[in-house]
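Asker: Residues per chain, in single letters:
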Amino acid sequence: MDDPVTTSDPSHAKAEQGSRIFEASRSFGITPEQYMLPAQQQIQMLDPEGALVPSDEQGTGPGHEYPIPEAEVLLKAYAALVAGRRINDQNYALVRQGRLAVYPSSHGQEACQVGAALCLEPGDWMFPTYRDTVSVISRGVDPLDVMVSFRGDWHCGYDPKEHRVGSMSTPLTTQLLHAVGVAHAAKLRGEDTVVLAMCGDGATSEGDFHEALNFAAVFEVPVVFFVQNNGYAISVPLSSQSVAPSLAHKAIGYGMAGEQVDGNDMVAVLATLRRAVHLARENSMPLLVEAVTYRMQAHTNADDETRYRDREEVEQWKRKDPLVRMQRYLTSEGILNDDAAAEITEAAEKVASSLRQAMTADPAENPLEIFDHVYAEPTAQLLAQRAQLDDELQRTATSEGTQR
Amino acid sequence: MSTATATSTATFASALNTAMSDAMEADESVVVFGEDVGTLGGVFRITDGLTKRFGTNRCFDTPLAESGIAGTAVGMAINGMRPVIEMQFDAFAYPALEQVFSHIAKMANRTRGRVRLPMVIRIPYGGGVGGVEHHCDSSEAYYAHTAGLKVFTPATVADAYLMLREAIDTEDPVVFFEPKKLYWSKADDDLSTLREAYESGTESSRLVGAQGQAVVVREGTDVSIISYGPSVSTAVKAAEAAAEDGISAEVLDMRSVVPFDEVALVRTVEKTGRAVVVAEAQGFVSVASEITARIQERCFHSLASPVLRVTGFDIPYPAPKLEEHHLPDVNRILDALDELQWED
Ligand SMILES: Cc1ncc(C[n+]2csc(CCOP(=O)(O)OP(=O)(O)O)c2C)c(N)n1
Ligand SMILES: [Mg+2]
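Residue numbers (this note's numbering), protein chains in the order written: chain A, 1 to 404; chain B, 405 to 748.
Looking at chain B on its own, in the form it has when it is part of the complex (with noise of 0.2 Å):
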């Protein structure tokens, strides 16, 4: 990676590749590894490159068995390294959930703190971009729902780069879910001056943190639309459109769904008093649940309406030519919006 001038443009790819990139240039105990990583750089080119700079003692692929990736990557981290494993697709990290749930979430409870795991665990996740049976899952729920885990989701490209350097500084172990949609969407972000701000430890650059911090993407009095990773720039799309029906609209991007950031959650609601959460992951027992939830017990003398969620419908994720039909869209957005009680 040559320095960026000031005004180049990155991709969501570029900026998790760099930050793995930075990330190793800064800790020597930062490694890389998982199915194909190395020489082709992943089958999405998220670590291209990194084995040709840091050789195949810091990014290397592996033997085909994630639970195999997942368990090494456990005892790595009990030997001082800060592994970064990648799962090569949402549903392809099923075979690993044994060492997902029994370890890498209860080692450190375990043992009392005494032997943490300070691993990142790296999902594309997500539909939207044609893919076949296996390829489309949105998984969050499962990890989210597993008490030691930290569940990261980020939305743009800025996220991508400074919500995945905070991971794998992070002493907790983080599944990092990275949209797959948004891979290759471009933003004028500076790289470079992100790696500055996070490298000299700015504050403004840390957007977890202990507990979270969900972040106002749009502004608006009416009604807040919640939302995280794939769905944000949907949900974003859709308060443009109501604001053409005279409806203002908040979005806020929650940002890691572990940990959950309920302060600015109840901030938007009691400000405008009414809200949508908006997912794509089937909405039964979901993370949009959890939402809807906490807004219920925290919120309730500030709702002027129902809270309702806009997800994905309760079925096995459909194939290529269907799931539009499944993922919330704009319209479906829209739809909520009309149905939030708005005679007074």
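Next up, chain A with everything else stripped away, as it sits in the complex (with noise of 0.2 Å):
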């Protein structure tokens, strides 16, 4: 006990021979502290003008290599960049008919959004927050069912287990140990289940993003975590949330690897999340991902953002558009042809336009639903309620009708 340094008990560390972390770093080479570090800068592999990185400028070091996804894969997320696009915009203008209660936007983050989606197998599961519509749509849910709760229906317009997708929600980060409650389930039962579990940059000061690493490192469980950094809460930059280096550095002290890419380069991020799936299906364990982005609109339709960022700032991020960059290297790689594009954007198109007829229609909800899904079985006074309802409805109904 004299010595503190020569005499620290094994038993109460875990970065320790046998762990997972020490594994994996061992497999490529390099000390625990390296491999969770994040890369020395942020990964990138495309430069703002869409022209693949040389790779020892990529930011990449040992045990920080990603693979360039294969054309097929680029391709398809192409398209749901531009569906993505499309979709974010489409919902812009309906929020402005009046058409949709809410909508947040995630114009500019897009290559996030599809990476996400793309990432991840068909038996994986992913937690997205209430700004991933696009991820939720190019998971594969139908559109017009992810807009059933932006347009005031319902809260949540899809089933989750049939998609693997949590429900969105607004309570911040409370979704991410939804996410590893899910991949715990998983282990216990021998499935090699991965979760992506989505939050923003703002989020990670909430509670439950804390509780939420550190339960999925302490349990060895596969969980991606991903944040979308886009500079802002709302109104509060990054830099009142935290002074950490990045907040892939806050992996680091839950022994877990965290990684920075350029969130705005679909590219990087699908390479750096698909590598970070793999290696969690691999050696069942978690990583945080870091995508530095920027969100190109307003919070929502509620806010205005000229009270806490300059249009200055948003020009300097438009040169660095997702779709642009993409769009730049594919063609310049022979992948995109005017013939694909064209098919992407008509796709993309479609999508838009099926959005405005639903969203432009009356819905037809039954107003006493909102006592069926309470409980299992409703209880009496909830019966009692509904059936006050229903007459009240009733009523209102006749008066109507002999009024005309």
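Treat the hints with caution; some may be incorrect.
To be verified - Pulled from the structure, derived: some chain A residues nowhere near chain B, Cβ distances all over 12 Å:
#1 22
#2 214
#3 327
Claimed, not checked - Restricting the straight-line Cα-Cα distance to at most 35 Å, the calculated cross-link-like pairs of lysine-lysine (DSBU-like) are:
#4 187(A) - 590(B)
#5 641(B) - 456(B)
#6 76(A) - 318(A)
#7 187(A) - 161(A)
#8 590(B) - 641(B)
#9 456(B) - 161(A)
Hints in this document: simulated from the structure, not taken from any laboratory. Backbone N, C-alpha and C define an ideal beta-carbon position, used for all residues, glycine too.
Reconstruct the complex from the two isolated chains, following the hints.
Answerer: Set out below in structure tokens:
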């Protein structure tokens, strides 16, 4: 006990021989610390002009190498990017027309949105936030079902179990714990399900963020935490949330690896997330990926962005637009030609027009349904209240009928 | 647990413990987790032996974080498990309230019944054990007020066993309040008989069901004393004392706050025409208030006097040496009975 440095009790330490972090770092020939620390700079594969960054300048290092996805996957990602942008802008317009109650747009963040969906296998799970509409649609959920909540018809319009997508909701970072629980249950049954747990930069200050990372690391479950750092939590800049060197660094304190990627670089986001998902599945352990991006539109329609950021800042980020970069890259590589581009635009247009049509049609919700799902079987009190509302509705209908 | 013989004595704690191990035996998806529930068997030893018997995959310690416990239980339930989680003490469940209120209570409704969360949150609650601050709260009203949760609280050893089994098998999330002062109470209940009754699906072994089943634990004709959880035994003692004064008091144990058995409540009050509601929690905006309001709405014309409440005072739970002044006791209930306009 006189020399605390040399007598540290090995049973109290975790990153010891045999631990997942130790094994993973050894497989890359680096120390656990080197493995957990993010690469020296943001991982970037496409420069702002859409040209491929030379591999020794991509920011990767030993243990942090990310293979570029196959052309077929990149083309699929591009199609999803175009559709995603179209969905964002269509919904933004629908809000202004009063057709949607609210829509948190991910315009500018589409590379993150698409990457989150395409890095997963069908049997995996995704736990999105309120801003991740494009991720949820890219994963295959019917856009009209996703929009049910933003139109104000019901809280969640899709079946989370059918698509393996958690219900989008607003209490920040609470869904990260659900993600860890889903992964834990899968692990207990011996299934190799990976779960992607999503949140924003501001949300990393919430307690559940901390608890989720810690539980995931302690129980060694395959969860990839994916933080979209878009610079702001409504009006509050990241500098007021955290003074950590990066959000990716937060992983280290939990004994987990963190990585920071250019979130407007579709190739890098996909490469980084795919690698993280692969490592999580292989080693049954969590990882944290921070994508640095920017929200080009206001937080929601209720927000006045001029109060906290200037136009110039927004203009600067326009030059890093993920769509433009990806389109230039794929064209120069010969992966995208005019025909394919036209097809992709047409498909995106179709989604937008189906959204327009559906959101302008009058909804046909049943008011009595508000009592139906509270419990598996309604209580006597709920049945009485249901009957009361039913009676009120019928009387309203009758009096409207006699007035005519 | 060896199979008990016909005349064994069970405690409230052993009934809960046996209920969990029987449920784990019956259903592989039942998992138990929380703080110190593994090797130690919980600070009250309610999970004693579960890890040893079922392994660390079925009963395990978590990091010290209540929101983490509740939030990961949500994920487990989404993914096919039936988690039974332990909150170490009533007041230490508060860090989990966001998960409880915003997700556990709302998930089924949010998803139109597509995602139900069959999980149990066990909470040792109430006072009378000399506990220090934050170890004696009666927090049932917070949960009962939240639509989507069920709230059970057993008052006897047999009820502890049967109601916990039922809670674990319920498709809705159940907040299961365990009166700490009853943990060491004993009864001549044979747990293996209860197990057989429950597992063979005997109707009388289901004590809550979809609508609740309050039970008359003592018959009477002059007044109804309505109670639940830790206060039921106090109510019975008060009824016995009242009998010596010539008052015949009926005692109703609500068993569950949600679902709320209004039928039994109305039946007893219509029979006796007078009612006193007894609960440990502060009376202001409480479960006792709700019971009182329901009686007023449903039984007004049967009432011979105003409905009275005997509850804890509207104060933060007092220090151990002062708790006796706070908790409803026999004398305070008898005083309330005296006030029920007996002149006619
Ligand atoms: C627990 C909680 N507190 C506050 C809010 C209100 N709120 C909604 S979004 C938001 C900002 C979140 O910022 P960030 O995590 O960076 O995500 P972004 O909106 O930028 O995608 C706030 C404060 C909330 N939804 N949940
Ligand atoms: Mg943000």
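Asker: Find the hints from earlier in the document that the structure breaks and name them by number, from lowest to highest.
Answerer: When the structure is compared with the hints, numbers 2, 4, 5 turn out to be violated.
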